[in-house]
Amino acid sequence: MSLLSWIVTFFLMAGVFFFIVGSVGILRFPDFYSRLHAAGKCDTLATALVLGAVALFGLRDFDWNSFQSWENLRVSLKVMMIVLFVYVASPSATHAITKAAFIVGVEPWEKRKRNR
Amino acid sequence: MERAITFSIMLVFWILLSGMFDFFHLSMGIICCGLVTFFSHDLLFYSRSGRNWFRNMLGFIIYTPWLFWQIVLASIEIAYIVLHPRMLEIIDPRLIRFRTRLRGVLARVTFAHSITLTPGTITVNMNGNEFTVYALTQKAAESLPGEMEEKIERLLER
Amino acid sequence: MDTVFLLAALGMMVSIALAMIRVVGGPTVLDRIVGVNVIGSETTVLLLIIGYLFDAVSMFVDIAIAYAMLNFILSIGVTKFFLRRKGRTLRSDKS
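Chains as they are written, first to last, in this note's numbering: chain D, 218 to 333; chain S, 58 to 215; chain F, 14 to 108.
Calculated directly from the structure, the hints in this document are not laboratory data. Treat the hints with caution; some may be incorrect.
[Claimed, not checked] Ranges between beta-carbon positions, derived for each pair:
#1 D/R277 - S/G91: 48 to 54 Å
#2 F/T56 - D/M297: 17 to 23 Å
#3 D/N282 - S/G185: 55 to 61 Å
#4 F/L96 - D/W281: 23 to 29 Å
#5 S/M144 - D/N282: 52 to 58 Å
#6 D/I320 - S/E199: 26 to 32 Å
#7 D/S222 - S/G185: 18 to 24 Å
#8 S/I88 - D/L276: 40 to 46 Å
#9 S/F96 - D/V305: 48 to 54 Å
#10 F/M26 - S/R108: 16 to 22 Å
#11 S/R151 - D/R277: 35 to 41 Å
#12 D/N282 - S/F78: 44 to 50 Å
#13 S/G185 - F/L20: 45 to 51 Å
[What the hints assert, rightly or not] When the alpha-carbon atoms are kept at most 27 Å apart in a straight line, the in silico DSS-like pairs for lysine-lysine are as follows:
#14 D/K295 - S/K208
#15 S/K196 - S/K208
#16 D/K316 - S/K196
#17 D/K316 - F/K93
Yeah, the Cβ is synthetic: ideal placement off N, Cα and C, and Gly gets one too.
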C-alpha cells in the first residue's frame, strides 16, 4: 500500500473510533447534559476525519490532463463542504437541544458527596 | 455593489455544486442565484464599512484552525472519560454563569460556538452578555472564560 | 482498500446500533432527539462510504449534502415543536 492509503486508513479508523466513543458516551453518561457532550464533540471530529479520508482518497491518482481527475477534485471539494457545514451546524443543533432542556427545566446530575 | 458580489459568490458556488456547463443548467443557476440575492443580499455583508467586514472575516479564518485543534483535544478528553471504568468518580458536572465583555454579535456567537467545542463545556443559554455554561469537570469550569475570550477579542473586535 | 472501507462501514453500523438503544429506551424525549441527531450525522458519513464502495461518489455526495442539511433542520424543528408543548410531554414520558 502507498503512503496515501496508510493515511486514509488511519483517518478512517480514528473517525470510526470516535463515532463509537460518541455512541457509548450517550449510553453511559448519567444525565442529559453530559450526553450532549459526547454527541456534539465526538460527532463533529469523527465526521471531519472520515469525510477527510474519503475526500483525500478521491485524489489518489491525480492527473493534470484528464477530465476525470478534475471531476474527482470537484467531488472532494463538495465533501469538504459537508465538513464545513457540519462544523458550523452541529454545535448549533447541540445548543438548540440544550436550551430546550434548560427551558423545560431538566435537572443536572450532581455528585452526592458535594453537599457541604 | 453588495448585490453583485453576493451574486457572483453564489454563481461560483452553483457551478462548483452542479458541474454542468450547458445552457439549461447555467440559466437555471442564474435564475436561482438572482432570486437568492434579491431576498438576502444584506446577510453576507452585514456591516456598513468594508474594512471592518474584511477584518472580521480574516480574524475568523485565522481563528478556525486553532478551534479545530481544540476539538481534537476535546474529543480525546471525552474519549478518556467515556472509556474510563469508574467514570462517575471523574466527572463532577455543574452549571456556571459568567458575564462576557465581548460586544459584537459575530464575536459572541463565535464565543458560544467555541465554548461548545472546547474540552468539557457546552453553552446552555446566552442572554445578553450573560452566558450559562455546563461544565463536565471542575478543571473545565475553572478554565472559563480564559484565553479563548482574549483570542476572540483580539481577532474579531476593535 | 475496499476491505478498509467495508470495515469502517461495519464499525459505523455498530455505532448506529448503540445509538439506537438510546433512541428506543431513552427516558425523555430530548434523549431520543440526541440519539436521532447522532444517527443522522453517522448516516451522512455512511452514505459517502457506500458511494465509494459502489464507485459512484459523485452521485452519493449530493444525497449526503441534502441529508446533512435535513438532519440539522430536523433537530432544530423537533426541538421547537417540543418546546411549544413543553412540560406535559416530558412528564408523561418519564414513567
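Please name the hints from earlier in the document that this structure breaks, with their numbers sorted from lowest to highest.
-> 1, 4, 7, 8, 9, 10, 11, 12, 14
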